[in-house]
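Student: Sequence:
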Amino acid sequence: MDPKIFYEKLFAEFGDLDWWPMDHLYHKENNSDPRFEVIIGAILTQNTSWSNVEKTIDKLKRNRVLDIDSLASLDEVKLKDLIRSSGFFNQKANRLKNICKIFKNRYDSNLDLFFDNKISKIRTELLKINGIGPETADSIILYAGGKPIFVVDAYTKRVCKRIPFPVENSYEDIQKYFQSNLKQYYKGKKLTEVYNQLHALIVELAKNYCKTKPICNNCPLKKDCSFSK
DNA sequence: GTCCAGGGCCGTT
DNA sequence: AACGGCCATGGA
Numbered sequence: 001m002d003p004k005i006f007y008e009k010l011f012a013e014f015g016d017l018d019w020w021p022m023d024h025l026y027h028k029e030n031n032s033d034p035r036f037e038v039i040i041g042a043i044l045t046q047n048t049s050w051s052n053v054e055k056t057i058d059k060l061k062r063n064r065v066l067d068i069d070s071l072a073s074l075d076e077v078k079l080k081d082l083i084r085s086s087g088f089f090n091q092k093a094n095r096l097k098n099i100c101k102i103f104k105n106r107y108d109s110n111l112d113l114f115f116d117n118k119i120s121k122i123r124t125e126l127l128k129i130n131g132i133g134p135e136t137a138d139s140i141i142l143y144a145g146g147k148p149i150f151v152v153d154a155y156t157k158r159v160c161k162r163i164p165f166p167v168e169n170s171y172e173d174i175q176k177y178f179q180s181n182l183k184q185y186y187k188g189k190k191l192t193e194v195y196n197q198l199h200a201l202i203v204e205l206a207k208n209y210c211k212t213k214p215i216c217n218n219c220p221l222k223k224d225c226s227f228s229k
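No gaps in the numbering here: position 179 of the first sequence is 179 in the working numbering, and each next residue is one more.
No wet-lab data here; the hints were simulated from the structure.
Worth double-checking, as some hints may not be accurate.
Stated by the list, open to error - Computed list of lysine-lysine pairs in DSBU-like fashion (alpha-carbon distance at most 35 Å, straight line): (1) Lys59 / Lys4; (2) Lys101 / Lys161; (3) Lys4 / Lys190; (4) Lys4 / Lys157; (5) Lys211 / Lys128; (6) Lys104 / Lys9; (7) Lys104 / Lys161; (8) Lys121 / Lys157; (9) Lys97 / Lys118; (10) Lys207 / Lys121; (11) Lys190 / Lys101; (12) Lys104 / Lys223; (13) Lys4 / Lys97.
Said to hold, decoys possible - Okay, the calculated beta carbon distance ranges per label pair: (14) Pro166 / Lys207: 23 to 31 Å; (15) Glu125 / Pro34: 19 to 27 Å; (16) Lys121 / Pro214: 33 to 41 Å; (17) Asp173 / Tyr107: 18 to 26 Å; (18) Tyr185 / Glu13: 39 to 47 Å; (19) Asn63 / Ala12: 38 to 46 Å; (20) Lys207 / Arg84: 19 to 27 Å; (21) Lys121 / Ala12: 51 to 59 Å; (22) Lys213 / Gln184: 20 to 28 Å.
Small disclaimer: the values here were computed from a predicted structure and weren't measured.
Beta carbons: idealized from backbone N, C-alpha and C, even for Gly.
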């Protein structure tokens with residue numbers, strides 16, 4: 001299936017989502033850096049529903065520790081308790097503290113310094129950090145850094161396998177496939193928005209139709225998909 | 001009670 | 001390189 005048709009059919013079904021997983025965070029009164037909230041959210045939401053993460057983010061805010069320096073120095077046992085609702089709290093607490101220490105020590109707690117680099121350098125840097133794999137790194141680059149990179153998640157892989165698209169089911173291959181195609185089709189448009197939008201559309205598709213147990217009946221891609229046949 | 005959620009790490013083959 | 005076990009809570 002042509003990625004452009006794919007994009008357009010999903011857009012026709014779900015519309016302009018202007019989807020941003022941490023959207024609500026931007027409209028609440030708080031004096032913290034929204035980019036940092038995105039980074040923390042990206043770690044916390046690993047294999048975890050966002051509703052569970054919201055509780056944690058709110059808790060961190062209420063305790064006024066949702067900033068690099070506070071989390072870097074916060075007692076780990078206390079942190080585990082604060083993030084409990086996000087699951088995997090032992091490893092996540094450890095990883096969060098480690099990440100904050102890195103931003104504090106290497107970038108003087110200044111995210112401008114960190115994001116003021118080329119995407120490839122930022123990505124390499126992120127992937128070296130314990131607890132940050134490809135999807136988390138790319139989410140941080142796209143949503144916190146506002147830089148154009150296409151995020152591949154479990155939903156994307158599932159959909160790619162079922163349609164199917166002519167790519168191997170590896171992260172990098174799928175990412176390159178969509179990036180090169182979308183770049184070509186949407187010259188002139190802001191790639192950050194295109195990648196953001198397509199990811200949002202895929203999530204909607206996967207949540208509503210392309211579930212673990214797919215509901216193919218009214219799927220907008222029924223005619224294009226080989227899975228249900 | 002069971003399933004699943006927008007992963008990543010580590011040990012084993 | 002690929003795969004399985006593991007980590008943990010909360011909502012459907």
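Student: Against which earlier hints does the structure fall short, listed by number upward?
Tutor: 1, 2, 6, 7, 12, 13, 17, 18, 21, 22
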